[in-house]
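Engineer: Got chain B; can you put chain H on it based on the hints?
2 protein chains.
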Amino acid sequence: MEVEIKFRISDPEKIERILRDRAEFVIEKIEHDYYFNHPCRDFRETDEALRIRRDVEGITLTYKGRKIDLETKTREEFKVRLDDSETARKILEKLGFRKAGEVVKKRKIYRDGDVVICLDHLEGVGSFVELEIESDDVEDAKRRIFKYAEMLGLGGEKSIRKSYLEMVLDVADSN
Amino acid sequence: MEVEIKFRISDPEKIERILRDRAEFVIEKIEHDYYFNHPCRDFRETDEALRIRRDVEGITLTYKGRKIDLETKTREEFKVRLDDSETARKILEKLGFRKAGEVVKKRKIYRDGDVVICLDHLEGVGSFVELEIESDDVEDAKRRIFKYAEMLGLGGEKSIRKSYLEMVLDVADSN
Chain B
1 MEVEIKFRIS DPEKIERILR DRAEFVIEKI EHDYYFNHPC RDFRETDEAL
51 RIRRDVEGIT LTYKGRKIDL ETKTREEFKV RLDDSETARK ILEKLGFRKA
101 GEVVKKRKIY RDGDVVICLD HLEGVGSFVE LEIESDDVED AKRRIFKYAE
151 MLGLGGEKSI RKSYLEMVLD VADSN
Chain H
1 MEVEIKFRIS DPEKIERILR DRAEFVIEKI EHDYYFNHPC RDFRETDEAL
51 RIRRDVEGIT LTYKGRKIDL ETKTREEFKV RLDDSETARK ILEKLGFRKA
101 GEVVKKRKIY RDGDVVICLD HLEGVGSFVE LEIESDDVED AKRRIFKYAE
151 MLGLGGEKSI RKSYLEMVLD VADSN
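Residue numbers (UniProt numbering), protein chains in the order written: chain B, 1 to 175; chain H, 1 to 175.
Among the hints, a few may not be true.
Which copy is meant is left open, because identical chains are indistinguishable; a pair holds if it fits in one copy or across any two.
Said to hold, decoys possible - With a straight-line Cα cutoff of 20 Å, these simulated EDC-like cross-link-like pairs (lysine to aspartate or glutamate) come out: (1) 108 - 11; (2) 90 - 136; (3) 94 - 42; (4) 79 - 93; (5) 14 - 47; (6) 73 - 157; (7) 94 - 136; (8) 90 - 2; (9) 73 - 83; (10) 99 - 31.
Derived from the structure by calculation, the hints contain no laboratory data.
Here the structure is a predicted model, which means the values were calculated and not measured.
If we strip away everything but chain B, and leave its shape as in the complex, we get (with noise of 0.2 Å):
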């Protein structure tokens, strides 16, 4: 299970001061994701995602269950590394995924411990941070991650469960 909340800040270079001081810096990169809707099914209304991703450490296809947190973005996650975004969004296009929405981020990853912690930026969104544990006792790691939060200065912040794509596409209306 991917144990996840997320945080709209309005200060990166604060929360980015905390985590040089204690956590390990991992990388920084442009992440394209490119989301697809099920040919039968409305994931819009699942609460699924299918995603391929391309960034400077390879292309990863991505299937994300539903949420099954009230708090949290937790859900089951699948990936594969594949060789070749074209063909494989050729090959879903073939099988009657159409295409749901892209989104584009500037993001810096930082480790500490099991938490991943990733400063996102996208451009006319906003800056946030996702906090994530990879764990199979998701009430433990959820506790593990709200304290991380709490370090971090986003404690008596709420989280936000939209995804980025939700984001994106609003940003897309209001427009």
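Structural biologist: Frame of chain B, contents of chain H only:
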């Protein structure tokens, strides 16, 4: 386009003697193929195929469109390489794809110019030769591939449009 014909053969040795003289030996391997059916259409009716293949060269996901020709197995084909067949299967199952069947075969591949020749053996089903040219000039490729079959002594034989999956399922049904 993948322009392909297939023949059942009783004497693989005879064909291989001709190939050894004029074609280049590429590889001998065991191919493990796992076929899926679509969540909301029946590939037996639409004549499509979706397959994960594992062999010594790696793992591939392949989509094949319906056959567009009555004499050959010519069809669109898209292929990507993957790093993990179990996870890829899991993703497809989560998306509603169901197992259609499995095919295991021993395959020897020869190449002669742009003609790829596969000598296949399927336990309990038989021996076959598949001739294939990748080309967008389907008519030219068909002419050349049937000429190649003649040169291998298969001129009098009728080419088979049935897939190995269908043959394996037929054998299973009759047992």
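Engineer: Now, for every hint given, state plainly whether the structure supports it.
Structural biologist: We went through each hint and held it up to the structure:
1. Taking the shortest alpha-carbon separations for residue 108 and residue 11, only the intra-copy value of 14 Å comes in at or below 20 Å, while the best inter-copy value is 61 Å.
2. Taking CA atoms no more than 20 Å apart as the test, residue 90 paired with residue 136 passes between copies only; the shortest distance there is 17 Å, against 34 Å inside one copy.
3. For the homomeric pair residue 94 and residue 42, the shortest alpha-carbon distances inside one copy (17 Å) and between copies (14 Å) are both at most 20 Å.
4. Proximity of residue 79 to residue 93 under the C-alpha cut-off of 20 Å is found in both arrangements, the shortest distances being 19 Å within a copy and 13 Å between copies.
5. Within a single copy, residue 14 and residue 47 get their C-alpha atoms no closer than 33 Å, and across copies no closer than 58 Å, so neither meets the 20 Å cut-off.
6. In this homomeric assembly, residue 73 and residue 157 come within 20 Å of each other (Cα to Cα) only inside a single copy, at 15 Å, whereas the closest approach across copies is 60 Å.
7. Taking the shortest alpha-carbon separations for residue 94 and residue 136, only the inter-copy value of 18 Å comes in at or below 20 Å, while the best intra-copy value is 35 Å.
8. Proximity of residue 90 to residue 2 under the C-alpha cut-off of 20 Å is restricted to the inter-copy arrangement: shortest distance 16 Å between copies versus 28 Å within a copy.
9. When the C-alpha separation of residue 73 and residue 83 is checked against a cutoff of 20 Å, the pair qualifies neither within a copy, at 29 Å, nor between copies, at 26 Å.
10. In this homomeric assembly, residue 99 and residue 31 come within 20 Å of each other (Cα to Cα) only inside a single copy, at 17 Å, whereas the closest approach across copies is 33 Å.
Taken one by one, the earlier hints fail for this structure at numbers 5 and 9, listed in ascending order.
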